[in-house]
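> As a plain string of letters, each chain reads:
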Amino acid sequence: MNTKRTFFFRVALILLLVIIAALMFIIGRGHTVYFDNKAIEYNGQSIETPYKIEVTVKDERVAKLYDGERGMTDTMGQSFSMIVEITQEKGGDPVAHAVSLALPYSMDGIILNIPAMMAGLPADAYLTEFIPTPDTETEDEDVVTDEFATDEFSI
Amino acid sequence: MSEKKKKQRVSPAEVLRNNTVPLMFIVICAICIPLSGFSPSYLFNEIVTRIGRNTFLILSLLIPIMAGMGLNFGMTLGAMAGEIGLILVCDWQIVGIPAMVLAVIISLPIAVLLGWFCGTILNMAKGREMITSYIMSFFMNGIYQLVVLYMMGSIIPIRHSNIKLPRGYGIRNTVSLLRMRQKLDKLIPLKIFGADIPVMTFIIIALLCFFIIWFRKTKLGQDMRAVGQDMEVAKDAGINVERTRIISIVISTILADIGMVIYLQNMGNFATYSSHSQIGMFCIAALLVGGASVDRASIGNVFLGVTLFHMMFIVAPAAGAKITGDSMIGEYFRVFASYAVITIALVMYETKKRRARSATGQQLALEQQREQEAA
Numbered sequence: 037m038n039t040k041r042t043f044f045f046r047v048a049l050i051l052l053l054v055i056i057a058a059l060m061f062i063i064g065r066g067h068t069v070y071f072d073n074k075a076i077e078y079n080g081q082s083i084e085t086p087y088k089i090e091v092t093v094k095d096e097r098v099a100k101l102y103d104g105e106r107g108m109t110d111t112m113g114q115s116f117s118m119i120v121e122i123t124q125e126k127g128g129d130p131v132a133h134a135v136s137l138a139l140p141y142s143m144d145g146i147i148l149n150i151p152a153m154m155a156g157l158p159a160d161a162y163l164t165e166f167i168p169t170p171d172t173e174t175e176d177e178d179v180v181t182d183e184f185a186t187d188e189f190s191i
Numbered sequence: 204m205s206e207k208k209k210k211q212r213v214s215p216a217e218v219l220r221n222n223t224v225p226l227m228f229i230v231i232c233a234i235c236i237p238l239s240g241f242s243p244s245y246l247f248n249e250i251v252t253r254i255g256r257n258t259f260l261i262l263s264l265l266i267p268i269m270a271g272m273g274l275n276f277g278m279t280l281g282a283m284a285g286e287i288g289l290i291l292v293c294d295w296q297i298v299g300i301p302a303m304v305l306a307v308i309i310s311l312p313i314a315v316l317l318g319w320f321c322g323t324i325l326n327m328a329k330g331r332e333m334i335t336s337y338i339m340s341f342f343m344n345g346i347y348q349l350v351v352l353y354m355m356g357s358i359i360p361i362r363h364s365n366i367k368l369p370r371g372y373g374i375r376n377t378v379s380l381l382r383m384r385q386k387l388d389k390l391i392p393l394k395i396f397g398a399d400i401p402v403m404t405f406i407i408i409a410l411l412c413f414f415i416i417w418f419r420k421t422k423l424g425q426d427m428r429a430v431g432q433d434m435e436v437a438k439d440a441g442i443n444v445e446r447t448r449i450i451s452i453v454i455s456t457i458l459a460d461i462g463m464v465i466y467l468q469n470m471g472n473f474a475t476y477s478s479h480s481q482i483g484m485f486c487i488a489a490l491l492v493g494g495a496s497v498d499r500a501s502i503g504n505v506f507l508g509v510t511l512f513h514m515m516f517i518v519a520p521a522a523g524a525k526i527t528g529d530s531m532i533g534e535y536f537r538v539f540a541s542y543a544v545i546t547i548a549l550v551m552y553e554t555k556k557r558r559a560r561s562a563t564g565q566q567l568a569l570e571q572q573r574e575q576e577a578a
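In order, the protein sequences belong to chains H and G.
So the first sequence is numbered by the working numbering: it starts at 37 and just counts up by one.
So the second sequence is numbered by the working numbering: it starts at 204 and just counts up by one.
These are computed hints drawn from the structure, not numbers from a lab.
Some hints could be false.
[What the hints assert, rightly or not] Derived Cβ-Cβ restraints for the label pairs, each shown as a range:
#1 ILE406(G) x PHE61(H): 49 to 59 Å
#2 ALA159(H) x LYS389(G): 47 to 57 Å
#3 ALA48(H) x ILE406(G): 24 to 34 Å
#4 ILE406(G) x SER115(H): 20 to 30 Å
#5 LYS525(G) x SER115(H): 48 to 58 Å
#6 ALA48(H) x ILE391(G): 29 to 39 Å
#7 ARG106(H) x ASN472(G): 54 to 64 Å
#8 LEU53(H) x SER501(G): 30 to 40 Å
[To be verified] Chain H side only, calculated, beta carbon under 8 Å to chain G, not exhaustive:
#9 LEU52
#10 LEU53
#11 ILE56
#12 ALA57
#13 PHE61
#14 ILE63
#15 GLY64
#16 ARG65
#17 GLY66
#18 ILE76
#19 GLU77
#20 ASP110
#21 ASP129
#22 ILE147
#23 THR181
[To be verified] Below 27 Å or equal to it, Euclidean Cα-Cα: the simulated DSSO-like pairs (lysine-lysine) are:
#24 LYS556(G) x LYS94(H)
#25 LYS329(G) x LYS422(G)
#26 LYS389(G) x LYS94(H)
#27 LYS40(H) x LYS386(G)
#28 LYS40(H) x LYS74(H)
#29 LYS126(H) x LYS88(H)
#30 LYS100(H) x LYS88(H)
#31 LYS386(G) x LYS94(H)
#32 LYS420(G) x LYS329(G)
#33 LYS40(H) x LYS394(G)
All C-beta atoms, glycine included, are put in the ideal place defined by N, C-alpha and C.
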């Protein structure tokens, strides 16, 4: 009886850990979101850029973009909320929009084309994956496996 | 009654002898602090940060001491497990506190396995646990290097080039933990005298302290103390000595694993191939500086040790630079001091043990002589 109970508790503990791990996988996924203020052509429709776009995430302004510029922020989790302030013309009044969207789990870096998104185009028009330029390192890094290293990392 | 009081009274020389190492460090710090020229607020900030960073790791040493296994140099194994967990979560792009939790969960089975292995080996080397665990940490470092340097990227999938070596397999010398840096420390923000207090880390440390206090009172904790006092007597009392010793090492390895994750989240990056190798040495040195010995250590020793040892670490380079004009002297001094303190503590422990043994022998001889005379 006692052995059975111990076994049950062990299985329950392992199960609990697996569930927590799965949860951490989902809520802890980090993404880098890039914001573009660039003109775009989509199905013959051309979207022009406004004079200025300001992006605020969690009460912090993360990007101020003029024509052709790109900004970025790091985020955690699959849902992303931001406030986009658009100033159409120089000297004009900015108009704020609250935007929420789901980020694809598989993408580390996500590019959001803000003018296309605000124009109401579908996700495939304004959301693309950021693919970093391939590694150009030709020389290998010398691996230091010194067991007696006394640098700052060791203490 | 007066006899009892006489026995309880400890001479100043005895107090000095029992606290040589902490007193030595208090003197070193008292000399070095004014020489270093650091402001009290800077020192306070640094000490608070280092207490938060190191205490959990040092606390992981207490349970094997309780079980009479001495200072567990094998805690390095737990640190290695924690690092493997962190490498994997970094590659999976998990960030913040979830990354820490996931790293701990992933590394948990590795830590348990390594702890069990370490405990089993130490059971084969009873009475020589410290040197065995020390050498075992070198052996396990080789296995760690095999896994991290050759298997990660080739057998264990690693996708990101900022972690992977340019040759396509193996992990770079430094892994960045920038996206989880001080996330735990700053979860509950609090500033006192301009210093950031890592409230959440302190809460976790406090929970571990309560766990250790509670654990000492449990059946297993009592068994460990019995095993630590006398293995033969414990065996006769029906305690499974070998199993109890293995459990103590497994718990220590798991705590070292969690401690390493907490330590590295504070640092924000780690040297893949050397971070763990010195951690055991510095934690043990800090514990000994706090007045602990091979067979006796308390939570108070941990806090006193981490404060004194790291105070010396902070002020020694600057004081060395002031005295000699070369900051490297101070750097060497602090490394030399940490090895020296372990040596002194071990020598003192052996001397004390021999002295006690010889006193018991003399007492026995005296009693035999008296009996013979009476007869």
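> Indicate, hint by hint, whether the structure satisfies it.
Tested hints:
Against the hinted window of 49 to 59 Å, the Cβ-Cβ separation of ILE406(G) and PHE61(H) comes to about 25 Å, which falls outside the hint. Distance hint check: the CB atoms of ALA159(H) and LYS389(G) are about 34 Å apart, inconsistent with the given range 47 to 57 Å. Take ALA48(H) and ILE406(G): their Cβ atoms lie about 26 Å apart, and the range 24 to 34 Å holds. For ILE406(G) and SER115(H), the Cβ-Cβ distance of about 28 Å falls inside the hinted range of 20 to 30 Å, so the restraint holds.
For the pair LYS525(G) and SER115(H), the beta carbons lie near 54 Å from each other, so the given range of 48 to 58 Å is met. Checked against the given bound of 29 to 39 Å, the beta carbons of ALA48(H) and ILE391(G), roughly 30 Å apart, stay inside it. Roughly 27 Å separates the CB atoms of ARG106(H) and ASN472(G), a value that falls outside the hinted 54 to 64 Å. LEU53(H) and SER501(G) have their C-beta atoms about 31 Å apart, which keeps the hinted 30 to 40 Å range intact.
The beta carbon of LEU52(H) comes no nearer than 10 Å to any beta carbon in chain G, farther than 8 Å, and the hint placing it at the interface is violated. Interface restraint check for LEU53(H): the shortest CB-CB distance to chain G comes to about 5 Å, inside 8 Å, so the restraint holds. Because the beta carbon of ILE56(H) sits about 6 Å from the nearest beta carbon in chain G, less than 8 Å, this interface hint is met. Restraint check, ALA57(H) versus chain G: the minimum CB separation of about 5 Å is within 8 Å; hint holds.
A cut of 8 Å between beta carbons decides the hint on PHE61(H): the least distance to chain G is about 7 Å, and the hint holds. Contact between ILE63(H) and chain G, as hinted, is supported at the beta carbon level, the nearest pair being about 5 Å apart and thus within 8 Å. The beta carbon of GLY64(H) comes within 3 Å of a beta carbon in chain G, closer than 8 Å, and the hint placing it at the interface holds. At about 6 Å, the closest approach between the beta carbon of ARG65(H) and any beta carbon in chain G falls short of 8 Å, and the interface hint on this residue holds.
The restraint placing GLY66(H) at the interface with chain G holds, with a minimum CB-CB distance near 3 Å, inside the 8 Å limit. Residue-level restraint check for ILE76(H) is violated (minimum Cβ-Cβ distance to chain G is 27 Å; threshold 8 Å). Checking GLU77(H) against chain G: minimum C-beta separation of about 32 Å lies over 8 Å; hint violated. The criterion of a C-beta within 8 Å of any C-beta in chain G is met by ASP110(H), whose closest approach is roughly 6 Å, and the hint holds.
Checking ASP129(H) against chain G: minimum C-beta separation of about 35 Å lies over 8 Å; hint violated. Violation of the interface hint for ILE147(H) is found here, the shortest Cβ-Cβ separation to chain G being roughly 16 Å, above the 8 Å cut-off. At a threshold of 8 Å, the smallest CB-CB gap from THR181(H) to chain G is about 4 Å, leaving the interface hint in force. In summary, the hint linking LYS556(G) to LYS94(H) is not supported, as the alpha carbons are separated by about 62 Å, beyond the 27 Å threshold.
In summary, the hint linking LYS329(G) to LYS422(G) is supported, as the alpha carbons are separated by about 23 Å, within the 27 Å threshold. Distance restraint check for LYS389(G) and LYS94(H): the Cα-Cα separation of roughly 17 Å lies within the 27 Å cut-off, and the hinted pair is therefore satisfied. For the suggested pair LYS40(H) and LYS386(G), the alpha carbons sit about 40 Å apart, so the restraint of at most 27 Å is broken. For the given pair, LYS40(H) sits about 64 Å from LYS74(H) by alpha-carbon distance, which is inconsistent with the 27 Å threshold.
Between LYS126(H) and LYS88(H) the alpha-carbon distance is near 8 Å, which keeps this suggested pair within the 27 Å criterion. With a C-alpha separation of about 7 Å, the suggested pair LYS100(H) and LYS88(H) falls inside the 27 Å cut-off, and the hint holds. At roughly 16 Å between alpha-carbon atoms, LYS386(G) and LYS94(H) fall within 27 Å of each other, so this suggested pair holds. For the hint linking LYS420(G) to LYS329(G), the alpha-carbon distance of about 25 Å falls within 27 Å, and the restraint holds.
Distance hint between LYS40(H) and LYS394(G) is unfulfilled; the C-alpha atoms sit about 50 Å from each other, more than 27 Å.
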